[in-house]
Amino acid sequence: MEKTLDLKFNYTEKKDTRSGFGDGFLEAGRRNPNVVGLCADLIGSLKMGAFQKEFPERFFQTGIAEANMMGIASGLSINGKIPFTGTFANFSTGRVYDQIRQSIAYSEKNVKICASHAGLTLGEDGATHQILEDLGMMKMLPNMTVINPCDYNQTKAATIAIAEYEGPVYLRFGRPSWPIFTPTDQKFEIGKAWKMIEGKDVTIFATGHLVWEAVVAEAILREEGISAEVINIHTIKPLDEEAILESVAKTGCAVAAEEHQYNGGLGDSVAQTLARNNPAPMEYVGVNDSFGESGTPTQLLEKYGLNAANIVKAAKKVLERK
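Heads up, the sequence shown is in full-length UniProt numbering, so the first residue is 1 and it goes up one at a time.
Hints were generated in silico from the structure; no laboratory data involved.
Please note that the accuracy of each hint is not assured.
Using 16 Å as the maximum straight-line C-alpha spacing, the simulated EDC-like pairs for lysine to aspartate or glutamate come out as follows [unchecked claim]:
| # | residue 1 | residue 2 |
| --- | --- | --- |
| 1 | Lys-313 | Glu-223 |
| 2 | Lys-250 | Glu-198 |
| 3 | Lys-139 | Glu-108 |
| 4 | Lys-109 | Glu-166 |
| 5 | Lys-139 | Asp-98 |
| 6 | Lys-195 | Asp-125 |
| 7 | Lys-192 | Glu-133 |
| 8 | Lys-237 | Glu-166 |
| 9 | Lys-81 | Glu-166 |
| 10 | Lys-237 | Glu-189 |
| 11 | Lys-53 | Glu-27 |
| 12 | Lys-303 | Asp-289 |
| 13 | Lys-313 | Glu-302 |
| 14 | Lys-317 | Asp-201 |
| 15 | Lys-195 | Glu-124 |
| 16 | Lys-237 | Glu-133 |
| 17 | Lys-316 | Glu-223 |
| 18 | Lys-192 | Asp-240 |
| 19 | Lys-200 | Glu-166 |
| 20 | Lys-192 | Glu-246 |
| 21 | Lys-195 | Asp-240 |
| 22 | Lys-109 | Asp-98 |
Please take these sequences and the hints and turn them into a complete structure.
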């Protein structure tokens, strides 16, 4: 389907976003000697091996002790280091929420919490590892910046950017090979949404892996005479409310698409922004109060309604409510 559509963005290869993190982390380490790494026994999965090899004196293998890792990271930041912690998203949030809240967010420690294998696209590891609540958990913490990039290039750029940013950050990325469709030389602006495609009938706000699905959905809708605006919300917090309100003032309705629960995610943030400023019809593409299950990423996205076809359905449904 993708090959026959007139896509506004195209790709020549696929690569996992966790590799974007790994390459960005290495580059950040080369640029700043205060960047250090900590990993909870998942160096290969987090793609932190190149950094460890090049800067062994700046890398700490904490073992399967995630809470302790967060405490160590907090301590390192007091002495001017810029710690990057690495483990799966489930273990980066749910398992260590108390330590993050008390030791990092509350005191605004300059710790970068880097979380791989997020969402359903973790795949075959199943529901126990497929955290779909992490964006909500982390955005609710005062002082926490929350970032969810869409492809390898954007993840690499985001990783470099957060090393230069002062304050606690949650950076979310994933396991599957995914289309690389954003520029290699992009400048990542924390808190600044990216309007990827102009439109006038409906706005599609998307984050993470679902940005690509939104690009595909836009082409399908365009073939049917519907003009969709696609906005990449890579920063969940601070949210670019100006970009959201400006777009919906033009289109009059919105769809939010994310690999996360309805509750607490991007859609929640967009809906709150609209409710406070300019109420408008809105539909959600996300997981509706459910845990995941084992399966391939493609199978799971289809079963749980997180693909281009479902974004198209949501767009048509919200258009009927204008």
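Evaluation of the provided hints:
1. Lys-313 <-> Glu-223: Satisfied, since the Cα-Cα distance of roughly 14 Å is no more than 16 Å.
2. Lys-250 <-> Glu-198: Distance ~11 Å between Lys-250 and Glu-198 Cα, so the pair holds.
3. Lys-139 <-> Glu-108: holds, 14 Å
4. Lys-109 <-> Glu-166: Given that 16 Å is the threshold and the Cα spacing comes to 9 Å, the pair holds.
5. Lys-139 <-> Asp-98: holds, 14 Å
6. Lys-195 <-> Asp-125: Given pair Lys-195, Asp-125 is violated - Cα atoms ~34 Å apart, limit 16 Å.
7. Lys-192 <-> Glu-133: violated, 23 Å
8. Lys-237 <-> Glu-166: holds, 14 Å
9. Lys-81 <-> Glu-166: holds, 11 Å
10. Lys-237 <-> Glu-189: holds, 12 Å
11. Lys-53 <-> Glu-27: holds, 13 Å
12. Lys-303 <-> Asp-289: holds, 14 Å
13. Lys-313 <-> Glu-302: Answer holds: Lys-313 to Glu-302 is near 13 Å, not above 16 Å.
14. Lys-317 <-> Asp-201: holds, 12 Å
15. Lys-195 <-> Glu-124: violated, 33 Å
16. Lys-237 <-> Glu-133: With Cα atoms ~15 Å apart, Lys-237 and Glu-133 stay inside 16 Å; holds.
17. Lys-316 <-> Glu-223: holds, 13 Å
18. Lys-192 <-> Asp-240: With Cα atoms ~6 Å apart, Lys-192 and Asp-240 stay inside 16 Å; holds.
19. Lys-200 <-> Glu-166: violated, 37 Å
20. Lys-192 <-> Glu-246: holds, 13 Å
21. Lys-195 <-> Asp-240: holds, 11 Å
22. Lys-109 <-> Asp-98: Satisfied, since the Cα-Cα distance of roughly 14 Å is no more than 16 Å.
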